[in-house]
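Asker: Chain by chain, the residues:
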Amino acid sequence: MIGKESTAGRATKFTFLGLWLVFTVFPLYWITITSLKAPGDIFAFPIAYWPEHFSLENYSGLFGKADFGVYLTNSLLVATVAGAVATVISMLSAYVLARFEFRTKSALLMAALVTQMIPTFIALGPLYLLMTDLKLVDNRLGLILVYIAVCIPFCTVMLRGFFENIPDALEEAAMIDGLSRFGALFRVLLPVMRPGIVAAFIFNFVNCWNELFLSVTLMNSDSNKTVPTALNGFISSFNIDWGSMSAAAVLTILPTMVLFAFASRHIVQGLTAGAVKG
Amino acid sequence: MPTASETTETTKTASARSSRNRKGGAPPTRGVERGRRRPEFTARRGFLIAAFMAPAAIFVAVFTYYPMIAGSQMAFRHWNLTDLSDTSWVGLKNFRDVFADPAWGTVLGNTAVWVFGSIVPQLVIGFALALWLRRKFRFRGLYQALVFFPWAISGFLIGILFRWLFNSEFGVVNDLLQKAGLIDEPVAWLADPKTAMFAVVVANVWYGVTFFTIMILAALQSIPEELYEAAALDGAGKARTLFQITIPYIRITLALTVLLRVIWIFNFPDLIFGMTGGGPNNETHIVTTWMIKITQQGDYGRASALGLIVVATLLVFAVFFLLATREKRVDKREVKP
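Residue numbers (the working numbering), protein chains in the order written: chain U, 1 to 278; chain C, 1 to 337.
By construction, these hints were calculated from the structure, which means they are not laboratory data. Note that the structure is predicted; figures quoted are calculated from it, not measured. Any given hint could be a false lead.
[Stated by the list, open to error] Sample of chain C residues with no beta-carbon within 12 Å of chain U, all distances over it, derived:
| hint | residue |
| --- | --- |
| 1 | Tyr-66 |
| 2 | Ala-100 |
| 3 | Phe-116 |
| 4 | Asn-167 |
| 5 | Glu-169 |
| 6 | Ala-188 |
| 7 | Pro-193 |
| 8 | Phe-198 |
[Stated by the list, open to error] Taking lysine-lysine and the DSSO-like style, the derived pairs with C-alpha atoms no more than 30 Å apart in a straight line are:
| hint | chain 1 | residue 1 | chain 2 | residue 2 |
| --- | --- | --- | --- | --- |
| 9 | C | Lys-293 | C | Lys-179 |
| 10 | C | Lys-136 | U | Lys-13 |
| 11 | C | Lys-194 | C | Lys-179 |
| 12 | C | Lys-179 | U | Lys-13 |
| 13 | U | Lys-135 | C | Lys-293 |
| 14 | C | Lys-93 | C | Lys-293 |
| 15 | U | Lys-13 | C | Lys-194 |
| 16 | C | Lys-293 | C | Lys-136 |
Backbone N, C-alpha and C fix where the C-beta goes; we use that ideal spot for every residue, glycine too.
Input sequences plus hints: build the corresponding full structure.
Answerer: In structure tokens, the structure reads:
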């Protein structure tokens, strides 16, 4: 609690914080160390917590045997485009939901919440048939369109929270100064919102980057697979090759880690702004 | 000197302020003038609302709602990939098949363990971390960035990470426990039904604490310092301050966070799918991974019935939960236009 802290209190606090830090970081440390061992050393006893020989063999194997570079490119493309388009679309809907009162508003918010309650798998069959009709199966554009729809509900709720944190007076002043509503939105409101928009984009990007089931369903050919689909392929085989798997896991985590380190403060704000007011 | 009743009074006003409403009796905060704004020309206003909502609505309607609704009606049909010539209506047969399955009891039990076994430690640890992270200390920013990170990893990949950690032969968990003298023999964590469920819950706790910490920390920061000063003057101890000021003040956030998390954890097959695939012998299947299994067997009708059971359960839960916590939100309802 806020107030004076006793020495014993501080000791307890930092002990627990330290333990939790170790618990949180250790699995990530472990997968990284595993990926940097020579493939044979992964299954050697005693288990080495710091390898004697570092090796990049697992990584070179990924780009040699499997088309991991292709999967990474696909994921990067799909997540960037879908994340960006979803952010722009959600900005418009969030703006309206934050600034106007209208009859269908609560129904629309409810419709956004319901999308979070329904298991993906109920929609997979019909979605596959729909995409077949649209000739968008096994097509990156098709996956992008689906991901945009997946991102919109939560992104809208999140951005709405940001809009609501900005006083109306800001736009009103701009409109009195002669700007149109659009002018006020684009020239005054959006620049102030930049941290929120960045957070929303990163949130969308990470969601698309991580998405598995839709991608497995819609992408068949190897040249169109995204990273999670490829990882799923690694475990479908009877024995998991932990060397390749750990290297692939590290490469999958790395981009989100960079983005997260870059914007974690904004994401935290965005998450709380959106979800608390949801 | 503030009395106990004054303190309660302040808490009440404060919780009104923190509610979402901006029109009613809440003290003036940002955006309170919204209701008084001069209305724009109505047709133009309607057009603007429609035009701005349209892209989002179209995307969600076509790629989310249409497949969901089309998928829902499969629950009442015979819809099996092994025989697509016959997709006739079968009433509630798919639901009866779900309930008649001998594994259904296990699946339900596992789902309860999965949801409550995950949410309780997540809430407790998340709350404790938030309380401890509240006061600035050196490297707090770095600490937060590190412990918040699991949130950015996919559930599927977390399943894979922990599958490797809990590996029976080469797993580091066994090695550490043996070194610590806690176990003599390696444990086959994921192959033994007794330990497999525990292992997936551990992985989920690892993942989900972050969300609670973030939400609770933000809520804690909205509690005015004066409340604590008043409590300290009244001689309230730590425990009393926690239960009579901190928790009542942030109860709305707590309730909403628990609600959201229960919905998400219930609907979160990814981790188990990556970690055990539901095994050994169906012992770690929850309702949503069971649904994956049935979909993979081609029985879309029955999978869809399962999906509707999930939706119905979550809706009933959400309604009960909101009713149970309603007293706390009453200030918002009263003034709804």
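Asker: Give me the numbers of the hints this structure contradicts, sorted from smallest to largest.
Answerer: Hint check: 1, 4, 5, 9, 15 and 16 fail, others pass.
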